[in-house]
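Q: Based on these hints, arrange chain Y on the given structure of chain D.
So the sequences go chain by chain: D and Y. Each number in the working numbering corresponds to the 1-based position in the first sequence with 1141 added. Each number in the working numbering corresponds to the 1-based position in the second sequence with 1141 added.
Derived by calculation from the structure, the hints in this document are not laboratory data. Errors might be hidden in some of the hints.
Any copy will do: because identical chains look the same in the list, a pair fits if it lies in one copy or spans two.
Simulated pairs of lysine-lysine, BS3-like, Cα-Cα distance not exceeding 27 Å [claimed, not checked]:
#, residue 1, residue 2
1, Lys1276, Lys1220
2, Lys1245, Lys1298
3, Lys1390, Lys1421
4, Lys1450, Lys1165
5, Lys1245, Lys1165
6, Lys1245, Lys1450
7, Lys1165, Lys1421
Protein chains: 2
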Amino acid sequence: MSKYAIAIHGGAGTILKSLMTPEKEAAYTLALSEAIAAGENILKSGGSALDAVEKAIVSLENNPLFNAGRGAVFTNEGKNELDASIMSGLDLSAGAVAGVKNIKNPISLAKAVMQQSEHVFMAGHGAEEFARKVKAEFMPDDYFFVQMRYDQYLQAKQSDTIQLDHTVDKEKKFGTVGAVALDLSGNTAAGTSTGGMTNKKHGRVGDTPVIGAGTYANNITCAISCTGHGEFFIRSVVAYDISCLMEYKGLSLKEACDVVVMNKLVKIGGEGGLVALDAKGNIELPFNSEGMYRAKKSSNSELFVGIYK
Amino acid sequence: MSKYAIAIHGGAGTILKSLMTPEKEAAYTLALSEAIAAGENILKSGGSALDAVEKAIVSLENNPLFNAGRGAVFTNEGKNELDASIMSGLDLSAGAVAGVKNIKNPISLAKAVMQQSEHVFMAGHGAEEFARKVKAEFMPDDYFFVQMRYDQYLQAKQSDTIQLDHTVDKEKKFGTVGAVALDLSGNTAAGTSTGGMTNKKHGRVGDTPVIGAGTYANNITCAISCTGHGEFFIRSVVAYDISCLMEYKGLSLKEACDVVVMNKLVKIGGEGGLVALDAKGNIELPFNSEGMYRAKKSSNSELFVGIYK
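Next up, chain D with everything else stripped away, as it sits in the complex (with noise of 0.2 Å):
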């Protein structure tokens, strides 16, 4: 009776059909699907819900189509500033690091961190050095210049203005990328990946690696990564909000998503969404905004990639 599942998500936001070009919703489409399938590949040889995890993100890190890793967007600086967290829903162990600069996989240094150091969450110069340390992938900043992400740099550096990665114009996106996993030995896991805002003031952290926020994942509740205007969710610690509306009142994985989603969110301006599943193999994909890039598969149920509402 094991089951296993997965869901991604590659940011929400004012994902609009008319702004979408047929070549751009195929190539979406198409990576959307191949992180899944990075993802499936582990959980199908009865790997870790944790390596799942990680391996959809480092997908959608290594695509330019997503604000995380390659492809992030530039800070008022010029430079891109990369965030990451994950934690495993079986012994509530955790990493995160913010504010790293050059590094390919920042998913893969958060992991480190929980597995290889004795803290939790490192930011800046000293999450490099020990990225050093541990040997991760550095690589030269032209590795991550996407030319779409640079033109949004400069018109919003422009016009001053804080702009929500893949806007172009009227869109607003929160780039985000996230996975969500329950593996056949009924373990959970969550992970949440980012290159923040165009044009944020060096040095903003958002709710990507704040445990709790972006990202949270217990087995005896849900796993859970977030994207959305970041602030809101730190206010809201959305992602352990509805673990406990989960354990302390008993609200089922649906419920408590469109509580916080639908409602809570909604009241305080806090647009965005994220992607959700439980011990039992049940996956939401809530979200409040216009759009959001999202995928899911299970050991019982067929690929579905969705954009728009």
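A: Same frame as chain D, now just chain Y:
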């Protein structure tokens, strides 16, 4: 029938009476009383819980007895890196800074992030740039230099172990400072500030700047400020967990504090404590370590100052 209340802590850990001199004990008692008075003066005259929390913590930050602001411990690069966060229970607004250097009062910088930026959480150089913009007070390195802390640092560096704050030999202390307050308008607030661990890896971030873990405030439940082994407090989302146990499970402040500090944290080896109050003016000061520097005062109760179990 309006009342006010305030509670503070100056760190938890292995605080042994056998290692304390009467002079040292008197100095700590005076410092805690002064911090309570700084907050109470605000509350008595109808000021906000937020301002009371800030002023009480500023008093503790300015006192070299505590590991926050002046008197912070040294990282293994011989620097003082400071973290702080603050939250208003009225509207769930929040501000946090991590890894800032040379800032006289990190708690006031966290408040400025909350009130004068569009962000909630800022780290490192970017947070320092923001500090210059809002004219936060900077101090030279030697302001933060305290001989006892520096000796601890050299000692820890020699043995390459991480020491916990005031730690001298057998002592193990978590030297975060923090405050929670309830004002005459019925609003709550919480704040926390720390210099981290002696010889900590440069870049390590504890629970202090993590909203939901080290600090949380919500008028409908409680205001919480934590001190302890930060990694466990992050993984347990301690401050928000107490709020959720009250909101979703109907526990009293005391019951929720007991579950989290005496049961859940103990189970995973998370040593430390916290100060907590609710909108009715109930105050709790639970800790699972040998001692915690703590004090409380309300409009209808005398000053209490405690150090040991």
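Q: Taking the hints in turn, state whether each one holds.
A: Quick rundown of the hints versus the structure:
no.	hint	in the structure
1	Lys1276 / Lys1220	both (22 Å within a copy, 25 Å between copies)
2	Lys1245 / Lys1298	within (25 Å within a copy, 31 Å between copies)
3	Lys1390 / Lys1421	both (18 Å within a copy, 23 Å between copies)
4	Lys1450 / Lys1165	within (17 Å within a copy, 63 Å between copies)
5	Lys1245 / Lys1165	within (24 Å within a copy, 50 Å between copies)
6	Lys1245 / Lys1450	neither (32 Å within a copy, 48 Å between copies)
7	Lys1165 / Lys1421	neither (35 Å within a copy, 56 Å between copies)
Hint compliance for this structure: hints 6 and 7 are broken, all remaining hints hold.
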